[in-house]
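Given the sequences, and given the hints that come with them, work out the whole structure.
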Amino acid sequence: MSSAQPPLKIAILSESPADEAAIAVLAEVALGRQCQRVQPSLRARGWPSVAQVLPAIIRHLHFNTDAAGLVVVVDSDNSVVHLPSHDAPDYFHPYCRMCQLRAVFRQTTKKLPPANGRERVLRGVGVAVPAIEAWYLCGRDEQVTEAAWTAGLEIDRPPYTRPQLKYRVYGTDRPSLYLETQLALEAVRRHQGDLRRLENDFPGFATLAKDLRSWGQ
Amino acid sequence: MIASVAFRNFKALRSTSLALAPFNLVIGPNGSGKTSLIQAILQLRALAKLPLREAVADNERQPEGAEILFRFNPPFDGLEASLTCVSEAVCDLLQVTPLPSGEGVDDWAGLRTRLLSVRSYCFDHEAVASTPALKDGAELASDGCNLAAVLAARRQAFPEAFARFTAELFRLLPEYDELSLIERADQCVQLGLRLADGAELIPAGDLAQGTLCSLAILALAFDPAPPAIVCIEEIDRGIHPRLLRDIRDLLYRLSYPAEAGETRAPVQVIATTHSPYLLDLFREHPEEVVVTEKHGRAARFTRLGDHPDLPGLLAGASLGDLWFSGVLGGVPEDK
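Quick note, the sequences are listed as chains S and H, same order.
1 is the number of the first residue of the first sequence in the numbering used here; add one for each residue after it.
1001 is the number of the first residue of the second sequence in the numbering used here; add one for each residue after it.
Just so you know, the hints here were simulated from the structure itself, not pulled from any lab data.
So the derived label-pair ranges between C-beta atoms look like this:
id, chain 1, residue 1, chain 2, residue 2, range
1, S, 190, H, 1186, 51 to 59 Å
2, S, 139, H, 1313, 33 to 41 Å
3, S, 159, H, 1050, 56 to 64 Å
4, S, 139, H, 1077, 40 to 48 Å
5, H, 1313, S, 32, 41 to 49 Å
6, S, 159, H, 1315, 18 to 26 Å
Reference excerpt, derived from the structure (chain H facing chain S, CB under 8 Å, subset only):
id, residue
7, 1245
8, 1249
9, 1256
10, 1259
11, 1280
12, 1284
13, 1315
14, 1316
15, 1318
Residues from chain S that face chain H, not an exhaustive set, calculated with beta carbons under 7 Å:
id, residue
16, 46
17, 48
18, 49
19, 172
20, 177
Only a predicted model underlies this, so the values are computations on that prediction, with no experimental measurement involved.
Glycine included, each C-beta is placed from N, C-alpha and C at the ideal position.
Written out as structure tokens, the structure reads:
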């Protein structure tokens, strides 16, 4: 990771402080440089709330901060999984959260005039399938992949449930926020040297990493 | 501890019952029976202090008087406790009867000991900030008015538990790095928190309402000898929505001690709230949420986990928003 450059100012919007801590680590690895998070931190109350508050957050970051970009990561839960076919020009799947978040970014930023020395706040969107705990299990449990989840959904037999994933990561149904954060950080730090496994097993993460790498271009 | 409660003609609870879990978050409109549930449990405790009376003939009881039936989890599931009314004003008769099956049929003494430890709290920030007598630190008062004395007593008697308490306090409230308990010449104890950066000591009277209530809940969660049942009204009082996750974690620590690495017996928690933000945190465990509903003058309980369409509803909205919208029930009736 380059230490010559000054830290990049970014904002992270996710579903819990534990997720946010883990995403910050992964974002720094993908960007290849240290990041400084916008304060106060952003937070949403689960999926519908992320989509609802996102336009206001983009607008706030654009006009009121010097943030270079916004990283948004949500769980897919049982929604439609983003597929390469969704990336076709002008395609939009109404039940895919990746497509929905990208559309919100597109529609919000196109109306905004330049501010704070930049055209727009850069976009980094990731969707954890079916939950971010699946990312934390990457490399520890080979059965847990986005492909396995998608294949299971096709035959209406998901290979695992979200509570099962959480239990595998935290060892309890009711982890404290402290435990959740510690184990999330421990899990993502295993990928600090190399994100390829995580990108391969979880295209919803690969999309985020691709977004972040494009920021330097 | 308490497996179920069935109500007949008790205030607004005309005819309803509720199976209680280790942890219970009760939501619903004002006057729908949340506090009545807690009052019933406290009345059971109050009457359990007295010697059990001989059986009372039906014709000596108020025919339309209130009746509350309690059943218990093992090792007391062989007993049923009933509260009924001999006088018109209150449920003043406790009778304990053995059930055809279950444990503890002959152990009313054991059950009674557990029931006597039931505690109810409704923390008041002004009371929590007060300066109690040092001698009053045996157990936390219902409004938290002796918190400083309780903490001073624990520091003396349970230094390890006190150290865990303070470590958690500074993790939850990182703006502070010292808990001050000053024993004054008049044998009272004064609580304060020292700011981490400026080293300024903030006396309890100048601390925020939410900080004081969080301190009281924290003290409860780290009680080295907690009650069998803890009832807490309005657990979100004064607390920022982003800190509610920590408050939930503290209460879970009481109900699920093994998951927090503790070896003591679980505490049954019955907590009430009006916060949709707190409710959001129970998305994974809707079975822990009790919804009270009032139709006309009668109220009843339902378990959120029994809602037939909950997974479908949760796909489109947060639990808190669903509650506010009215689709889960537990909202005031239109005038």
